[in-house]
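Q: Residue strings, one per chain:
Number of protein chains: 2
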Amino acid sequence: MTATPPQPPEPSSEAPAEVPGVSRRRLLGVSGTAAVAGVVAGAGGLWAAERASGSTTSDAGALAAPSGAAALDAAIDFNGEHQAGIVTPAQDRLHFVALDVVTKDRAELVALLKTWTRAAERMTAGAEAAPGGLVGGGPFAAPEDTGEAYGLPASGLTVTIGFGPSLFDGRFGLADRRPAALADLPAFPGDQLEAARSGGDLCIQACANDPQVAVHAVRNLVRLGFGTVSARWSQLGFGRTSSTSTSQATPRNMFGFKDGTANVKAEDTEALAQHVWVASDDDASAGWMTGGSYLVARRIRMHIEVWDRTSLQEQEDVIGRDKKEGAPLGGAKEFDALDFARKAPDGQPAIPMNAHVRLAHESNLKGVRLLRRGYNFTDGTDGVGHLDAGLFFVAFMRDPRRQFVPMQQALAEKDGLNEYIEHNGSAVFACPPGTQPGQFWGQQLFA
Amino acid sequence: MTATPPQPPEPSSEAPAEVPGVSRRRLLGVSGTAAVAGVVAGAGGLWAAERASGSTTSDAGALAAPSGAAALDAAIDFNGEHQAGIVTPAQDRLHFVALDVVTKDRAELVALLKTWTRAAERMTAGAEAAPGGLVGGGPFAAPEDTGEAYGLPASGLTVTIGFGPSLFDGRFGLADRRPAALADLPAFPGDQLEAARSGGDLCIQACANDPQVAVHAVRNLVRLGFGTVSARWSQLGFGRTSSTSTSQATPRNMFGFKDGTANVKAEDTEALAQHVWVASDDDASAGWMTGGSYLVARRIRMHIEVWDRTSLQEQEDVIGRDKKEGAPLGGAKEFDALDFARKAPDGQPAIPMNAHVRLAHESNLKGVRLLRRGYNFTDGTDGVGHLDAGLFFVAFMRDPRRQFVPMQQALAEKDGLNEYIEHNGSAVFACPPGTQPGQFWGQQLFA
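Chains as they are written, first to last, in this note's numbering: chain A, 1 to 447; chain B, 1001 to 1447.
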């Protein structure tokens, strides 16, 4: 840090006073100024500056106003009313892990949640998992960070935690704090669930614009949990399939269709309050979830080889949108309203009765909506000549019993898409509200 | 293409006359000029313009000189003396697939290679897999492109083909054209190879800066091969672990160390000629491989949980470099020469006798070097609480019998790293030379 410091610009007037919210980029930009050096030291010495010193990005890029590549590199605030990684504009890449708690000691679990929160906060800012970083512990200690993200920018990393129903089974004295909404999902028609891809006491969702940064975050949290937790299943997603902000273009899923056009967006605070965030009077026995949200994950294998041999018309009828533009059938543009009464020239509904968009639409579900945040995956082959590809569905909601369950019930019964998909993994988690500086994940639950 | 054309700059004087070498970006930039519109039409109508029209990148970015994000978006030339994807500066993401040929009809195989070559050429330029694109075949045909990369830029895609030893078993009349260098790899001490991750009649390596573009390329080639080939195994890599150009920073592997510092680089044409490209007099019976290279792939599971609990000194001794800088032990900087005679203060060799860098160094292997082009992977969990993570080793060379085999023999016998890794997949392929416009992959082999 002392050798050849870069010529720094003046600190931005927008730089927050608290270190936890400072991005690694901002620290980089001001690392030569004594005032801010004090702030860095106050946070435990090397921290964000550690990973920064190995940065492979150019100073010019690092100091420019965030846009394009710089925006993809930037840091997201960790603390807030809600956890990051829910309404944060969906990053491009995902690493998701479900874990089982292997200790029966509540204090060990709480200690880990504290350690994890600090590590996640640091990594979100672009720093190593712990202050020692790669080498700070000296030659005879295991490094405090595994190192594979050293030199990479924060990359928009968010780390989001969730608690599964099984965490409330009595091992940790939490049985009477389980929210009623955190019920195991019922079996749906056609489910082909595999135990090795389902459930979990805890989950960690790491999203970033660089997959190496997302993998690094999960790997280091799992490492810090050695002896306390064990990885149950994990899923990489290479491409987002939803937009969670009106600023984002709608991406495409592995069926080649735009996905999530009608998603709840971050800008629609009224819809978020109604459909995503748990309110204080939702559940008297689970007030700790106020400001949190429930996460439903489903691993949906897509039989892409069969899909790829079906006609364009079949594909569009099954989805209910046109393939190229993403417009509702009978409409012209992606964001045209869905007109379910409209007839095609042949007198049949323009959007077929069993089309995915009709069955999943709020008008068919008494107003139910979700915030979808899924990812495309391809995990090798299935052993019989096909790619094991699909959609890792992730959605956030206020109450799965009133949102995901009736929606999936309707889809599982009638959706034409069922011919081409298979749900083989499933889990539900309660994601507690966000933290304030110094708080830990789930502090309200363990209070 | 006719509606609201962007204001184009003058065509670059470097733009080649042949369409196949024209990148989608260049087509975008000049799509308003009649002269070039004719060139586009001459290539079959919609082609590159098809995917372009859905582009989510800004015009400003598309028209700027390639640098930063624009460079990551740009197209790589498909045709050339050598296949792209070997000395091309290693892109960030990988999708690799090995396939078995399921037909016994040589003509069908040749027809597929022709189809594949045109499709790979188109996708490399940022276009759909075939001229019809998503919707050109009309409502009653299956789309000619699966669509998930529609709107994405070329993203530096390269598609590289290889032929496995089993392709020369006599089914296709190729038995007498098998190069002697394309021998099955011998068993190495410690190998834990799984059949479902090994071998294959053919391989396709797709590298890109956007994983969705790499997956799209493999998926569409597999789709085009339905009935002729079947996917045997496939591997995603989320982060490159080698630099293949002096212009690239050295990335880190899942052990957190810089990897491939001493790699053969694209700029060292003498080393490429000596170690990578097959020369015309290498093998009289396999002249078709002149200008080609042999690809060795090894799926190396890393036991990262064990590694993460070892001391920094053990890690650095095993690798032979320091973790933070990547300098040889006893040296100061990453690119310092390896001094194997140097003693540490305790009188022992600074670089231990069984350190990875010592055993893999050319001075220990009679001058043998490889061009490494591997990727980090994380494929879920192993079912007993660990992430299934590691290095998908890919290397290109002139003769595996004289290069990879003796190197791996030395490593398998003595490398301290063996305590932490396990080779569970293996394959070798002959990658034919590059194509000229109109030629197909392996044309010389089937001539």
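Hints in this document: simulated from the structure, not taken from any laboratory.
Treat each hint with caution, since some may be false.
[Said to hold, decoys possible] Some chain A residues judged to face chain B by a derived CB distance under 10 Å, without partners named: (1) 139; (2) 353; (3) 357; (4) 359.
[To be verified] Now the stretches of chain A that chain B is said to cover, found in silico as 3 or more residues with beta-carbon under 8 Å: (5) 212-221; (6) 301-310.
[Said to hold, decoys possible] Each pair of labels, with its calculated beta carbon distance range: (7) A:138 <-> B:1171: 46 to 52 Å; (8) B:1366 <-> A:142: 51 to 57 Å; (9) A:140 <-> B:1285: 54 to 60 Å; (10) B:1306 <-> A:71: 36 to 42 Å.
On a predicted model such as this, the values are computed, not experimentally measured, just so you know.
Where is the CB? At the ideal position from N, CA and C, for every residue including glycine.
Q: Mind listing which of the numbered hints don't hold for this structure, in increasing order?
A: 2, 3, 4, 7 and 8
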